[in-house]
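Engineer: Sequences listed follow chains A and B, in order. Counting with our numbering, you get residues 129 to 240 for the letters of the first sequence. Counting with our numbering, you get residues 13 to 124 for the letters of the second sequence.
Keep in mind that the hints were calculated from the coordinates and are not lab data. Take the hints with a grain of salt, since some may be wrong.
[Unchecked claim] Below are the DSSO-like pairs computed for lysine-lysine, each with C-alpha atoms no more than 30 Å apart in a straight line:
1. B:Lys30 x A:Lys195
2. B:Lys83 x A:Lys195
3. B:Lys83 x A:Lys170
[Stated by the list, open to error] On the chain B side, residues computed to face chain A include the following (Cβ under 7 Å):
4. Gly54
5. Leu100
6. Phe102
7. Asp110
8. Gly112
9. Phe115
10. Ser117
11. Gly118
We put the CB at the ideal spot given by N, CA and C, even for glycine.
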Amino acid sequence: QKEVEQNSGPLSVPEGAIASLNCTYSDRGSQSFFWYRQYSGKSPELIMSIYSNGDKEDGRFTAQLNKASQYVSLLIRDSQPSDSATYLCAVIISGSARQLTFGSGTQLTVLP
Amino acid sequence: EAQVTQNPRYLITVTGKKLTVTCSQNMNHEYMSWYRQDPGLGLRQIYYSMNVEVTDKGDVPEGYKVSRKEKRNFPLILESPSPNQTSLYFCASSPRGDYGYTFGSGTRLTVV
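Isolated chain B (complex conformation) (with noise of 0.2 Å):
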């Protein structure tokens, strides 16, 4: 089946301590990409990927960081959560930049 698949669905974790959020696309495609969702705030983009090793910033990239190394996984990393960063995540691909996304499943990320 083709699918995103991220993990973990739900975290809660510390302030300050270092966590990844994985995504994997079986579809073999070219974009990745970031969002988190909030209340109010809608989606919005932390960072995106064109192909390997080809990553840039989206409309809030800070506190994260990300690294596409192979075409397939685009993890997500926040190398110092604070409780600002509790909110939903989607990761997402697309075969082409002008074609729609398909999103993962999400990750709910609570930081306390």
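Isolated chain A (complex conformation) (with noise of 0.2 Å):
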């Protein structure tokens, strides 16, 4: 089982309306959560980093935690189409000295 997976995608929205990324981690223990976001040829950039359950937002960006169901997941509201990108959900695994852990990404595209 893979310890941290995504929504492969691709996913496409409208401009405007509401993406939604799923992501699931294997390891109860983590307590760190990130999402980068990552455009074609670029480095991943950090957008939210979440540690408790609930609810974080951030201008447009919500990411949501829930460690009882292991799932944590980004909203992005008023899509743009320069949201159009890759997006990487990371956990730091416990138990293992600060390790971060990705899934392989679901590719966004906002439609104009």
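With the hints as a guide, dock the two chains, each given alone in a separate frame, to form the complex.
Structural biologist: Pasting the structure below:
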């Protein structure tokens, strides 16, 4: 079983819609969760981090964490064509001395 | 400007010819890490370091070496590169083990 799983997509949404990206993880003891955005040919860029159950909002982005269900999601409100990228979920697996493990990513396309 | 600097950005080499990819960060971060990114396999950790002289293997360490003699530098060494090490490599750093990582711009390596 993969430690961090994401819907591979691709996911397409119209401009102005809400894009919903999902991620599950296998290690129940994990404590730190991140969302990265990666444009084609570029390096990953950290856009959200979340450590506690519930929602965390930053501008148009909302990260949601449910440790009981081992689930973390990213919502992008009012999606823009500039949001078109691959979104990577990353988790620090407990007991791994801070090793950051990535999911395979979800490719998002926002259609004008 | 706070950044992680990798060199070179592009490298083509021949099988068996030793090479070093340099990585330097100017943020006084404790943690540094190397990843490789391959289509369909995502980002996989090669090695990471929690401080000077403290390094540990990630998921795919075979064929690679690292050293952390100074806090700011974390070079990746391929003693005898092989074609299966053709990949996009990223160096990253973090102030703490449970914080997100900042990534360098990447090094695209081709081994022929």
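Engineer: Now look at each hint and say whether the structure bears it out.
Structural biologist: Going through the hints against the structure:
1. B:Lys30 x A:Lys195: 45 Å, violated
2. B:Lys83 x A:Lys195: 34 Å, violated
3. B:Lys83 x A:Lys170: Status holds; Cα separation ~25 Å.
4. Gly54: Holds, because the Cβ-Cβ distance from Gly54 (chain B) to chain A comes to roughly 4 Å (cut-off 7 Å).
5. Leu100: Status violated, d = 9 Å.
6. Phe102: For Phe102 (chain B), the interface hint holds, since the closest Cβ of chain A sits about 6 Å away, which is under 7 Å.
7. Asp110: Holds, because the Cβ-Cβ distance from Asp110 (chain B) to chain A comes to roughly 4 Å (cut-off 7 Å).
8. Gly112: 4 Å, holds
9. Phe115: With Cβ-Cβ at 4 Å, under 7 Å, it holds.
10. Ser117: Check passed: Cβ of Ser117 (chain B) comes within 5 Å of chain A, closer than 7 Å.
11. Gly118: 5 Å, holds
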